[in-house]
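Using the sequences and the hints, build the whole thing.
These protein sequence lines map, in sequence, to chains A and B.
Going by UniProt numbering, the residue at position 73 of the first sequence is 73; the numbering climbs one at a time, nothing skipped.
Going by UniProt numbering, the residue at position 35 of the second sequence is 35; the numbering climbs one at a time, nothing skipped.
Hints listed in this document are in silico derivations from the structure and should not be mistaken for laboratory results.
Mixed in with the good hints there might be a few duds.
As a list, the in silico EDC-like pairs of lysine to aspartate or glutamate whose alpha-carbon atoms are at most 20 Å apart [as the list claims (entries may be wrong)]:
#1 B:K59 with A:E124
#2 B:K116 with B:E144
#3 B:K75 with A:E44
#4 B:K82 with A:D92
#5 B:K113 with B:E96
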Amino acid sequence: MMSSSSKLVLYSYWQSSCAWRVRFALNIKGLAYEYRSVHLRKGEQFSPEFKKLNPLCFVPVLVDGDIVVSDSFAILLYLNEKYPQIALLPSDPQLRALNLQVSNIVSSSMQPLIMQSILKYIEEKFGPAERQLWVQHNIERGFQALEKLLKDFASTYATGEEVYMADVFLAPQISVAEMRFNIDMSKFPTLNRIYKSCKDLPEFQASVPERQPDAEL
Amino acid sequence: MVVADSFAILMYLEEKYPQHPLLPQDLHKRAINYQAANIVSASIQPLQNLVVLKYIEEKCGSGERLAWVKHHIEKGFAALEKLLKDHAGKYATGDEVFLADLFLAPQIHAALKRFKMDMTEFPLLLRLNDAYNELPAFQDAMPEKQPDYVPS
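This is the structure:
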């Protein structure tokens with residue numbers, strides 16, 4: 001999996017939930033890749049070399065030959081089109097739309113409001129108690145919406161019996177909510193069940209932060 | 001069938017009604033479109049929506065609110081200028097209107113009209129804005145033309 005002759009290169013940080021999504025997806029699709037660490041706590045994302053790859057200074061970034069793709073949502077759509085084996089989106093139009101909607105709720109309505117730089121700002125301006133309230137409010141709001149949305153669709157995974165894009169976005173977000181922000185997931189039984197199913201997958205287990213080459217344990 | 005979320009809706013429409021495609025054929029250009037769309041929808045828009053702005057304003061006043069908005073829009077716009085530099089034609093990723101334009105047009109409009117931003121640092125986006133303003137399809141979609149428009 002980690003050979004310099006691999007075509008795909010993933011710039012990642014072990015604790016980034018956005019990079020986690022891509023690691024999980026690459027594993028599901030059976031795509032080998034070279035892992036390149038960008039140490040976010042040390043500020044490596046601001047280096048001129050990395051800024052050239054992604055001017056927003058975020059991970060993940062995928063490099064596929066000449067093609068550089070930033071943003072996990074864009075990366076997953078690109079991967080799904082370029083390497084169609086083991087599809088990340090179902091063929092049914094309603095379930096496809098549902099997967100995109102779930103992915104976007106996580107990637108636009110939840111994660112951007114609780115990423116480290118935003119939380120640092122909230123804490124600096126308003127204090128640590130307010131930061132926790134902000135985090136809790138935004139995570140629970142998102143999870144409540146997702147719980148309602150998926151209640152009638154989820155079985156083993158978010159939208160049926162196969163892992164799709166919705167699961168790829170949900171599982172890392174749920175893990176971070178639980179482990180980093182102490183959110184009580186028992187309030188969201190459907191999401192909790194989906195998360196448990198993902199945790200049983202070797203592809204998910206290989207993608208967890210603690211198993212990455214740059215993990216600091 | 002009910003579809004919610006602008007991205008999901010656009011992809012649904014693209015697949016169900018393939019006339020006048022919203023995405024180019026070339027995989028690389030498609031990826032540029034997806035990235036531009038997500039810069040707007042994940043890195044700019046969530047940080048300028050009313051709920052968040054109201055929170056900032058209530059806590060620190062309207063000066064802070066404006067500084068916050070400007071910071072996030074400028075960061076996103078700078079990234080978009082770089083991303084699209086080698087790909088733009090008449091529109092964001094070539095000479096046809098594609099997904100990226102659908103996300104850019106309202107965002108640039110909001111930056112100029114709602115937040116009164118100085119966009120001289122973003123010449124490509126300003127040029128695109130002029131191109132969008134010529135399109136009847138864009139003009140018809142403007143907030144001011146909608147049935148529920150309320151002048152503020």
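Each hint, compared with the structure:
no., hint, in the structure
1, B:K59 with A:E124, "holds, 13 Å"
2, B:K116 with B:E144, "holds, 17 Å"
3, B:K75 with A:E44, "holds, 18 Å"
4, B:K82 with A:D92, "violated, 36 Å"
5, B:K113 with B:E96, "violated, 25 Å"
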